[in-house]
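In case you want the letters, here they are:
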Amino acid sequence: MASQMPPRLTLRGLTKAFGKNVVLSGIDLDVAPRESLVIIGGSGTGKSVLIKTICALLYPDGGSVLVDDRDLFHLPRSEQQAILRRFSMLFQGAALFDSLTIWENVAFGLLYGQKMDRKAARRLALEKLQDVGLPERLAEAYPAELSGGMKKRVGLARAIAGNPDVIFFDEPTTGLDPIMSNVINDLIVSCVQKVGATAITITHDMTSVRHIASRVAMLHQGKVIWQGDITAMDTTDNPYVQQFVHGQTTGPMTAEKP
Amino acid sequence: MLQSIGRALLSFFQKAGHFALFALVALSHIVRPPFYARTVGRLFLDIGFYSLPVVGLTAAFSGMVLALQSYSGFSSFNSESTIAAIVVLSITRELGPVMAGLMVAGRVGAAIAAELGTMRVTEQIDALQMLSTHPMKYLVAPRLLAATLMMPLLVIVADIIGIMGGFVIGVSQLGFNAGSYLKSTFETLEFMDVFSGLVKAATFGLLIAICGCYHGYYSRGGAQGVGAATTYAVVAASILILVANFVITALFFGV
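Residue numbers (numbering that gives the first Met the number 0), protein chains in the order written: chain A, 0 to 257; chain B, 0 to 254.
Hints may contain errors.
[Claimed, not checked] Covered, in the sense of this in silico footprint (three residues per stretch, anywhere, with C-beta under 8 Å from a C-beta of chain B), are these stretches of chain A:
#1 83 to 95
#2 99 to 111
[As the list claims (entries may be wrong)] Chain A is nowhere near these chain B residues, computed Cβ spacing over 12 Å in every case:
#3 PHE12
#4 PHE73
#5 GLY105
Please keep in mind that the hints were generated in silico from the structure rather than gathered at the bench. Note that the Cβ used here is the ideal one computed from N, Cα and C, for glycine as well.
The whole structure should be built from the sequences, with the hints applied where relevant.
Spelled out as structure tokens, the structure:
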């Protein structure tokens, strides 16, 4: 059903290089509203660069990123900012602000982006903390006092606090034990559904992929070499996907040259 | 040979231009809303109040050493007025702002570079952008403002403590009369002496914050990168302080 809607995000011929190192060499991808797309691929294939380019944290060398058919990098700055305000991200290490309390971290976008009153922002932050299963008593703690899993939950609460249209998840379960990984996966699914957002996740964790994804795209050498529904991932005869999904050491990809 | 000199020169000018552009953009954010009063208030405390002990101690011992050294050098023309004049002019014009500047560069410049560098490598700066907050406005501009405004206040304190250090040594060790020492101090001191020191202080504060922010903001490569950024920030700020000190002295007192 999602694929019949006009895409929320359309990437066409997206390229990005750092000096002579070409990371993205012509990415074409469509993401429908409310779809949960997971991008898989070996280390160094450009997954992080891809999502950072979509979010305008990096500027592409070529190609386009269309958000609801509007070219993000050819818009006046104010309009570009308005679109970017609809995006949010859960960073790999959560990227919480050390000098702020947990509730201030969660409410940061509300306080400084939306200029919400501190009392109202705190109330909303507490609600979001509850949504991710964290007790209210942690609101006044600082990030350094939390475990890795708790930080990820706070990061998730911050990502959903502004009711974004598109949420990016950068390796959401990296560094977590299997139980906490599943907790985060469940929270991602429930929170994204509650907010009604489009989700784009990059991960190596196949359990996460099966948990979160409605569609999967595989990146290899800066290009999307396969994409399809999550159900098609196990049945495809694409040798790259098969090797990656089953973690085989032999196949078209080698450890030296993913 | 010529090629490598040319490459080095080009690279130097490129970096200097990048640094200058960063400073201009950051300065422009100081006067454009939104303003982060809470952050600026916290930085006033961090940069100003918490630098008082180190700046005060440095100034006290500088004043004391100055009194002892001038006495040993000028004992043949021994007079309280000469020693008092040397101490008050050296402290207000040079030692107060320069010593405070170097101390604050070590304490605050390093802290700014380390904080922003860590924020960069842990993606906190990217997170700020994702939360619709301009990092230059939220992180850099308040630090520039706080350092520029706090340094003159620190230097006023340093001037007073430094002069008092010289006074204590003059009276207790060198046997000067307290009243005539103070009288000579106030007779020698002119508005321009203090004012030039405060202009230097504000300039040094700005330079310290820009160096700290610039090197922290563009740090990369994990812990090693943050360490390198901190070193560069302190070294660059210290050198720029000495260069700026010469330029401002030439402008105020040059013939």
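Worksheet item: Which earlier hints can't be squared with this structure?
Response: Hints that this structure does not satisfy do not exist here, as all of them hold.
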